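Chains A and B are the protein sequences, given in the same order. Position in the first sequence (from 1) plus 742 gives the number in the numbering used here. Position in the second sequence (from 1) plus 1462 gives the number in the numbering used here.
Where hints are given, some of them may not hold.
[Said to hold, decoys possible] Capping the alpha-carbon separation at 30 Å, the derived lysine-lysine pairs in DSS-like fashion look like this:
hint: 1; chain 1: B; residue 1: Lys1816; chain 2: B; residue 2: Lys1583
hint: 2; chain 1: A; residue 1: Lys793; chain 2: B; residue 2: Lys1639
hint: 3; chain 1: A; residue 1: Lys892; chain 2: A; residue 2: Lys1196
hint: 4; chain 1: B; residue 1: Lys1766; chain 2: B; residue 2: Lys1816
hint: 5; chain 1: A; residue 1: Lys780; chain 2: B; residue 2: Lys1766
[As the list claims (entries may be wrong)] Partial list, derived from the structure: chain A residues whose beta carbon lies under 8 Å from chain B:
hint: 6; residue: Ala755
hint: 7; residue: Ala766
hint: 8; residue: Thr876
Just so you know, these hints were derived from the structure itself, not from any lab. Predicted model only: the values in this text are computed from it and were never measured. Quick reminder that beta carbons are idealized off the backbone N, C-alpha and C, glycines included.
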Amino acid sequence: MNRQINGLFRLCAAGFAVLITMTAYWQIWAADSLAVRKDNARLVYRQLEIKRGLVFAADGHTVLAKNRAQRRDGFTIYTRVYPFHGLFAHALGYNTIDQGRSGLELSYNDFLTASNSDLSTELSNLGDTLRGITVTGDNLVTSLSVPTQKAALTGLAGHRGAAVAIDPSTGRVLAMVSLPTFDPNLVVQNFARLNRPSSGSPLLNRATQGLYAPGSTFKTVTATAALDSGLYTPSTTIDAFGHCIGPPQFPIFAPLCNAGTESFGPISLSTAMTYSVNTVFAQVGLKLGSSRLSDYMHRYGFYAPQTLDYPSDEVVTSGRYQSGRRLGPLQQLDVAREAIGQERLSVTPLQMADVAATIANGGERMRLSLVDRAIAPGGSTAYSAHPAPLQRVMSAASAQELTTMMENVVDEGTGTAAQIHGLHVAGKTGTAETGVRNVYTAWFIAFAPVVHPKIAVAVVIENTPLFGGQVAAPVAADMIRAYLNSGVAQ
Amino acid sequence: MRSPRMRELVNLGFVGALTAVGFLSVYTARQQQIQSTSLVYAGILLALFVLAHVAVRAGLPKADPWLLPLSALLSALGLIEVYRLDPVLARDQSIWIVIGLLGFLALIFVVRDHRRLEDYKYLLGASAVLLLVLTMTVGTTINGAKLWLRVGGVQVQPGEFAKLLLVLFLAGYLREKREVLAFARHRVLGIGIPALKHFGPLVLMAGMSLGVLAVMNDMGTALLLFGIFLAMVHVATGRRAYTVLGMGAFGAGSWAVYHTTAHVRERFDVWLNPWPTPRTSGYQIIQSIESIADGGVFGTGLGKSFQLVGTPPHPVIPAAQTDGIFAVWSDEVGLAGAAALLLIYLLFAYRGFKIAAVADDGFSKLLAAGLTFAFSLQAFLIVGGVTRLIPLTGITLPFVSYGGSSVVSNFALLALLLMISHRAAEGRT
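Construct the complete structure from the given sequences, taking the supplied hints into account.
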């Protein structure tokens, strides 16, 4: 038996030799690549030892996110405190150990932890770590306006929905609100409850991730294609054919009607916009055709991820969707219904705010941004956002014509609830069907002042029995008023 | 020449010094978090092993002088790391060491001669089966694996004891049947097969370990029991065909279990590629590997590595004090310390197999070889698991991991090896 016993010992020796080799592999060869993996708890906690940069509102002094120092197992770690609780929850996101991070806390993590950076910062951080000095991140100054944000949250209170405001000439996002909201200070404690279906998905940023049928707000896009293609002018007369149009006279799948009992005869395109006449815009859509309409949607940024300094997986692309799947722009569809914002269109509030901002900016679409600048601890500017034009969507002349049409909507049409004393406001209402009788998705997009616009807004309210002009327009007006009164706009 | 016992005492002295240095290091590194009871633990541990030494001096004066100090060293390293993770667990572990020592003394002074156990081989084998069946039926499921038995408020891990009982049974059974087993009566597919009546109990045992895998979802114990079985049949018969046949059977069985048991399949898939699920199924192995990697060549220093998170502090590696203890150790003392720990196991194996080689009767040889192989294989399975050499399983690192059943059964294993070495040395004089 001793021969076999000897063999067993040799087997054990070989086994332990393999184990030592394996350990050496991890500790010598693989050590460097493992040390920088995102799932390495050491890395996560070392980031907690960094004093994250503060986040400020656009005024440069209102603190939206700061730090609390804690001693834990011999280390000083910093956890986030959000003084405004739910007010900036979606725009800022959250930063936790257990549930990761989201929003700006995620997209600007490199700046906030001062790990963005060039070699010299890296070396100075390394030196700090070795000397036991706390590394401090860069502060962020956002473009968010506290009064505008508050106006949006107050206006939407009691509803589910979202609101976005953009500075048209720069693409700076002035407000981003999604309801229901959550307290980012308590996100770890409440994580399970926040994810329960009955809670209304508060962690979802409806402004960037909520997909809604745009309803009649989409008529601005149809009108852009109509005017800019040269096929129509605001005064082109189109017969509305009474209350409904339908087959066989029109190549549409089912009769298409105006809201309520409204009935029109031959009217101008501008009048059709003022009163949001479906039977006219459906015909415009048919004449423009699917590919021309798609072309203008592309120019507005549909079918492509929105350009925003926000985590890419927290921004959803607008376009044609069917059963949750995005369809290509060339798919066969009922272009008449698409022209009035129904069919299979699904858009985010951010996208519709961008549409309003583009019209306000004379037809040129700007890159959107939430952060104006990052400031290193020494006071130097580590990053600065510069307004960047992305695309000319339509000619300045078409934009001017469209602006006038949208001004009429607020002055005498479906959007009168958005009137502001002493100010010219342009807007467009939207009331999208949800498939349930008398339950709508209410929209309003707007910008003001009409000359040299300072703010463009999109407001959406889910599952309401009211029309966009009744329930969403006043919220948009409140936001515009709050922003223009805040003094930042001057 | 020094007597074996003097040599043992000197070795224990070295171990005592190392233990004191270890606890002192942890204390210095973490004095803000822990109280100054650390040296007390070093003292208690050394006192317990000196007590064991005195018992061996009285009961087994000619026993091997290396095994006790090696076990003391392993216990000390384990206790240092358990203490480093959680001083409360270290207190519990010390109590388990006391209980383990009582069992050790009972074996030395009550059983006195291991050969007496040969008469009870069927009883011992049946107890092993009974323990496993009990666990399968009334056991507690933790982390998807059913490997605990609740006895009066204490969680017992029967696998640790079944391991010893199985070795005892196999040593007795194979000593008796090794000639008939080595002799082929029929030939099937070119392989000689002995009469079924001699083979039956062995097949039963082999089936048992696969049952452990399927019903208890405990891959670690299944691998351990089957490995012991194959090794001991090999030592007894020297027939390679049995080993090949056994491995084939285990392979086929594992394949079937893989395709029928979600828990086993998940463990296996996570072993192949843990990276896509770093927060769920891949969490434990990824944390283990990253902890090991953090140690580098010389480690962060005892008590200085990143292990605890949260309030109250808990280990970042799940089951750090049991399954993950090698990862914690490797983090703090690096490749140098990890290799040293593995070499301690190899030295233990060397002494154990040497005892088997010089023992003069078949039962003692088989018993010593079986125990030593069981000890080594167990260390291999868990270290291989946390280093991702093989799928990670939930078994303990002998003498190092936290755990009462493990400590008690390993003390029994140590007592048996010392008894065999003492009888062999006595027989020669």
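The hints, checked one at a time:
Restraint check for Lys1816 (chain B) and Lys1583 (chain B): satisfied, since their Cα atoms lie roughly 24 Å apart, inside the 30 Å limit. With a C-alpha separation of about 71 Å, the suggested pairing of Lys793 (chain A) with Lys1639 (chain B) is violated against the 30 Å cut-off. Proposed proximity of Lys892 (chain A) and Lys1196 (chain A) is supported: the alpha carbons are some 18 Å apart, at most 30 Å. For the suggested pair Lys1766 (chain B) and Lys1816 (chain B), the alpha carbons sit about 39 Å apart, so the restraint of at most 30 Å is broken.
With a CA separation close to 22 Å, the supplied pair Lys780 (chain A) and Lys1766 (chain B) stays within the 30 Å bound. Checking Ala755 (chain A) against chain B by beta carbon gives a least distance of about 6 Å; that is within 8 Å, so the hint holds. Annotation: Ala766 (chain A) was flagged as interfacial toward chain B, and the flag holds, the nearest CB pair being 5 Å apart, inside 8 Å. The interface hint given for Thr876 (chain A) is broken, as the beta carbon of that residue sits about 17 Å from the closest beta carbon of chain B, more than 8 Å.
The structure shown violates the earlier hints numbered 2, 4, 8.
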